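*Asks:* Given next are the chains, with one letter for each unit.
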Amino acid sequence: MNLEVKLAGVTFKNPVTTASGTFGSGAEYEEFVDLSALGAVTTKGVANVPWEGNPTPRIAETYGGMLNAVGLQNPGIELFCERDIPHLKEKNASIIVNVCGRTVEDYVEVVERLSDEPVDLLEINVSCPNVKAGGIAFGQNPDALYEITKAIKAKAKQPIVMKLSPNVTDITEMAKAAEAGGSDALSLINTITGMKIDIHRRKFILANQTGGMSGPAIKPVAVRMIYQVHKACSLPIIGMGGVMTGEDAIELMMAGATMVAVGTANFHNPRATVEVLDGIKAYMERYHIEDINEIIGCM
Amino acid sequence: MNLEVKLAGVTFKNPVTTASGTFGSGAEYEEFVDLSALGAVTTKGVANVPWEGNPTPRIAETYGGMLNAVGLQNPGIELFCERDIPHLKEKNASIIVNVCGRTVEDYVEVVERLSDEPVDLLEINVSCPNVKAGGIAFGQNPDALYEITKAIKAKAKQPIVMKLSPNVTDITEMAKAAEAGGSDALSLINTITGMKIDIHRRKFILANQTGGMSGPAIKPVAVRMIYQVHKACSLPIIGMGGVMTGEDAIELMMAGATMVAVGTANFHNPRATVEVLDGIKAYMERYHIEDINEIIGCM
Amino acid sequence: MVKERAVIVSQKCIGTDIYDMVLSFPRGAKEAKPGQFIAMYCEDGTKLLPRPISICGIDAEKGTLRVVYRIAGEGTRLFSEMKEGDSLEVLGPLGNGFTMKEEKAIIVGGGIGIPPMLELDKQLSCEKTVVLGYRDELFLKDEFESYADVVVATEDGSCGTKGTVIDAIKEAGVDGKVIYACGPMPMLKALAEYAEAHDMEAQISLEERMACGIGACLGCICKTKKKDHHTNVNNQRICKDGPVFDAKEVVFS
Amino acid sequence: MVKERAVIVSQKCIGTDIYDMVLSFPRGAKEAKPGQFIAMYCEDGTKLLPRPISICGIDAEKGTLRVVYRIAGEGTRLFSEMKEGDSLEVLGPLGNGFTMKEEKAIIVGGGIGIPPMLELDKQLSCEKTVVLGYRDELFLKDEFESYADVVVATEDGSCGTKGTVIDAIKEAGVDGKVIYACGPMPMLKALAEYAEAHDMEAQISLEERMACGIGACLGCICKTKKKDHHTNVNNQRICKDGPVFDAKEVVFS
Ligand SMILES: Cc1cc2nc3c(=O)[nH]c(=O)nc-3n(C[C@H](O)[C@H](O)[C@H](O)COP(=O)(O)OP(=O)(O)OC[C@H]3O[C@@H](n4cnc5c(N)ncnc54)[C@H](O)[C@@H]3O)c2cc1C
Ligand SMILES: Cc1cc2nc3c(=O)[nH]c(=O)nc-3n(C[C@H](O)[C@H](O)[C@H](O)COP(=O)(O)OP(=O)(O)OC[C@H]3O[C@@H](n4cnc5c(N)ncnc54)[C@H](O)[C@@H]3O)c2cc1C
Ligand SMILES: Cc1cc2nc3c(=O)[nH]c(=O)nc-3n(C[C@H](O)[C@H](O)[C@H](O)COP(=O)(O)O)c2cc1C
Ligand SMILES: Cc1cc2nc3c(=O)[nH]c(=O)nc-3n(C[C@H](O)[C@H](O)[C@H](O)COP(=O)(O)O)c2cc1C
Ligand code: FES
Ligand code: FES
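Residue numbers (our numbering), protein chains in the order written: chain R, 3 to 301; chain C, 3 to 301; chain B, -10 to 242; chain G, -10 to 242.
Take the hints with a grain of salt, since some may be wrong.
Said to hold, decoys possible - Okay, derived cross-link-like pairs now, PhoX-like style, lysine-lysine, Cα gap no bigger than 25 Å in a straight line:
1. K233/C with K134/R
2. K283/R with K205/C
3. K205/R with K283/C
4. K72/B with K72/G
5. K178/G with K205/R
Hints are computed from structural coordinates only; laboratory data are not their basis. Computed from a predicted model, the values in this text were never measured in an experiment.
Only chain R is shown next, with the shape it has when bound in the complex (with noise of 0.2 Å):
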């Protein structure tokens, strides 16, 4: 049975890797997960320097899923280079960095810092507000999402994937700027703005109002934004939003992804990523499916 994947020239040795942000630098996880066993870990979003993140509350809870305003705190790229690259490395696992800014610069010192690093992927987070264009996200205007892959595409060692905004009116017009400005995949689809109210208390449960919501709920959201965008450009796709099982990941994989990624389930069951590959293979040997790329797209 072959679970071996290639994704932008990047061969993995299956098609299971982390949602940006649910699996920290996975060292938290490992009590549950051998890291060498993913296809791949992707990384919580670093920026060129630490960010301090979002007041608490920074979660709630959801029907079926989640929101998080956890506001992107990290630890800056120099520290996570010295300490989660080696460390994951050491474990032999492949490595996606997911990268954040505030502006177009930030992303590009990240990714020059990261040159000469054991990294597989940049993946590149462009549901940030763009503090030069009065805070909408990059994500959501397919110039500024031109310009900025363009620009990081000019500057990367790494191949790199431009990881989408689902908050926008067509997901194929973002898809296309990402491709016409050199991006090398796609990741999709990132949280979807929510808002929950406590009416006892007549407060916003997030300190930050708003929240990117995540988990099964949104799944249907994902899968037709991956079908869209698998038939409207010819990048691969590393496909995300309510995978729990390995089902989940085979629909993800039909609709056109080439890897899936594990996130908001990690906090339902912190085993979420092996019982998905493991749900994989028994799909793939209930049906008789020798190589996993067979099922990739093919709706």
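Fit chains C, B and G with the ligands to the supplied structure of chain R, relying on the hints for placement.
*Replies:* Just chains C, B and G with the ligands, lined up with the frame of chain R:
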């Protein structure tokens, strides 16, 4: 305890209505619900002529929600006026008629036909694809939305309520376009586009491939958009999206909704509308709220 | 039509993934007719829509309804794990049911379409023959035999005619004036053609994915030849106008 | 730290909306320390996040952990409806727990922050006084009394000092070198100031909404004076670096 609310100049005995398309024209639910006990009955979208709708399957269940691709099957405005309006009047229900169309002219024709009918509000579903603009929905383009609002407002005898699509980058831009076009109120949210694949048969569950996601899974998006629109423009709002309980209704009202529609919940429990109303009353009693209007948009 | 919490009186496994459940549902049992169905709700809040399941047996006196269902997904799997004394929300009886005629009847069930035919077999007092089509494993056959002669077809030939219910009808020379049937679409289509060719009436029970179950959402339509009163187009609602239709009225795709 | 299905050994209601549950969780019980917590998962799939609940009692030999919790919403309500023999997923033990010192201790619990102090009271072998703050209704007080002297404050004055735990400490002249505390934020802040003023150490246990419970999601931070090793900013993770912090390190908002 006052439950009466006023929206676009019309007084409703309480804030609970039905979400269009989930309650037919009321008749099917009469064994469970006294229609006159609701704030209003919002009817299934009706066009100028009968529509066949989409092929089946039209329904897919999702985690905490569902997808539908009914495709706005409806009997056309003539039969609707002859049969459904008199029936609702006989039952002493307040009536909100949801209107759909493929061109601006279709909508206007329906609205004109309703001029002399005993209808309280016209809710205009602009999630329908605009056939003259390549199929993108009226509600996904601010200019198209402005134009259709203006055209309808010019002919409508009753107040109009533009029902916004959540499948947009910036809901406030759409709200402002509808406001500028002369809308008297806004309804939000319509369904979020999603997809589900039957991985065992490698087929889309829905014949239409995509469908509209509704149910409690989408409530955080509804709350967020209602809040954003309430802050960004001055029109009153009919809120919907995932309301299952009185507490959900209170949450949407605190975010800014003057009335709340119950949709998918009816499928889970045919008495959902009255139970939501009872839940609102229980909340008011618990917190000694004399007038429901106190909580509208209190955040 | 009522919605109530129904208590499970008994449940047993009667075949591979096939379960036989008796529900205490007194108000529903009083109204129920053969060919109608109930909507069963999962206790699990991630699954909001009801599962439509045909009524296999009615005991108005005891106030019970019996259903026989196959595990087809998560919802039916959850039902199968429930025990005597557990309860669930049930809405029903739903749909029109069969129109029982006095003329000689052929009662046909295929696969998981077999259960709804049992109560009809029991209640139809005229001359009748039952034709049951299975893949391989038999279930409920004995019970049908207590009300009528039973002819069997199996795909693998392990019992009765090897082939379809049509093959069995031909082989056994079954005849009648009215066909009542439930089963997979290809079987129903073949029966519709057979009935047409032999100038018989055919009442067929259809399936579709449902949301409301009571005719409000227009989720569950089938294409029909005539415009129907409700929707003013060539669609009828399986949950409300059906699930039983005159085969002549249905447009097979 | 393990994740396992834990079986409910017993559950009883010990006050208005307050439940006392004993879980069989052998591997977790072996490791557990006072001040740590467990993450309890709802069986209901609409609620995916674990509920963090402090460990109130540890019996390593029997392999059980005891928790005492208040119904605060849907999840804890579901827990309260569970019966002996039911099981649920549990992750733990989590967090750092209290650092037990030899110096004279003041053990302070307020409201639903009282339960985690019980096992500490039991295990601390030095000189100690317990101070418990309730709104009105008392719970667990007797059990604390079997390990130490107990001073009580109630908001309504129905028992002990009318007022806060600080009022009770002053009124009873409780003194010590180390305060260990769990309770509402205003109480913890007041204790931090009291400790500072009296040159005492204060170990306080904090609360925050959590997603992962194990330090990965950065959902549950508190502002701290020092930059911490993990995040390189002035935040620490309550689930991993806490829930117990040296009050001097915490920035109260
Ligand atoms: C009128 C009618 C009568 C039926 N009678 C019986 C019966 O007596 N015994 C029996 O075993 N089955 C019967 N079925 C089929 C039964 O409804 C489905 O097998 C069941 O809904 C599957 O639910 P699930 O959660 O296990 O599957 P899932 O695939 O997990 O269900 C997901 C969703 O799809 C719907 N769905 C899936 N398959 C079907 C289907 N074939 N028909 C309609 N909805 C479906 C479910 O209701 C649910 O909303 C009947 C269907 C209809 C329409
Ligand atoms: C380290 C720690 C120890 C705790 N120990 C106890 C204890 O021993 N006994 C006890 O009764 N309570 C304790 N709590 C509080 C307890 O976690 C919440 O009351 C509980 O999570 C509420 O869940 P719910 O589903 O009933 O409420 P809901 O409001 O429906 O929960 C919705 C979401 O918010 C979270 N949440 C709500 N309130 C809190 C809160 N106060 N703290 C953290 N998360 C919250 C829930 O975990 C869930 O994710 C502790 C909290 C923490 C952080
Ligand atoms: C707590 C949390 C933190 C996240 N942080 C990041 C991040 O730093 N960068 C990023 O690109 N996405 C981030 N995401 C989004 C996830 O990577 C993923 O796209 C999303 O959660 C959908 O997947 P899921 O439903 O499986 O969680 C975060 C999500 C959560 C829940
Ligand atoms: C089966 C179904 C049919 C619908 N038909 C319409 C319609 O005709 N017109 C319309 O404006 N919205 C329609 N909607 C959208 C609902 O009115 C509502 O906006 C949406 O479902 C969100 O609310 P809910 O989560 O409470 O269902 C339909 C929704 C469903 C589920
Ligand atoms: S299921 Fe709603 S009309 Fe049939
Ligand atoms: S809950 Fe995830 S870091 Fe604490």
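*Asks:* For the pair supplied as a hint, K233/C and K134/R, confirm whether the alpha-carbon distance does not exceed 25 Å.
*Replies:* holds (24 Å)
*Asks:* With the threshold set at 25 Å, check whether the alpha-carbon distance from K178/G to K205/R stays at or below it.
*Replies:* holds (22 Å)
*Asks:* Quickly compare the C-alpha distance for K283/R and K205/C to 25 Å and report which way the hint goes.
*Replies:* Measuring from Cα to Cα gives roughly 20 Å; hence the hint holds.
*Asks:* Does the structure keep K205/R and K283/C at a Cα separation of 25 Å or less?
*Replies:* Holds: K205/R and K283/C sit about 20 Å apart, inside 25 Å.
*Asks:* Is K72/B within 25 Å of K72/G, Cα to Cα?
*Replies:* holds (17 Å)
Checked against the numbered hints above, the structure breaks none of them.
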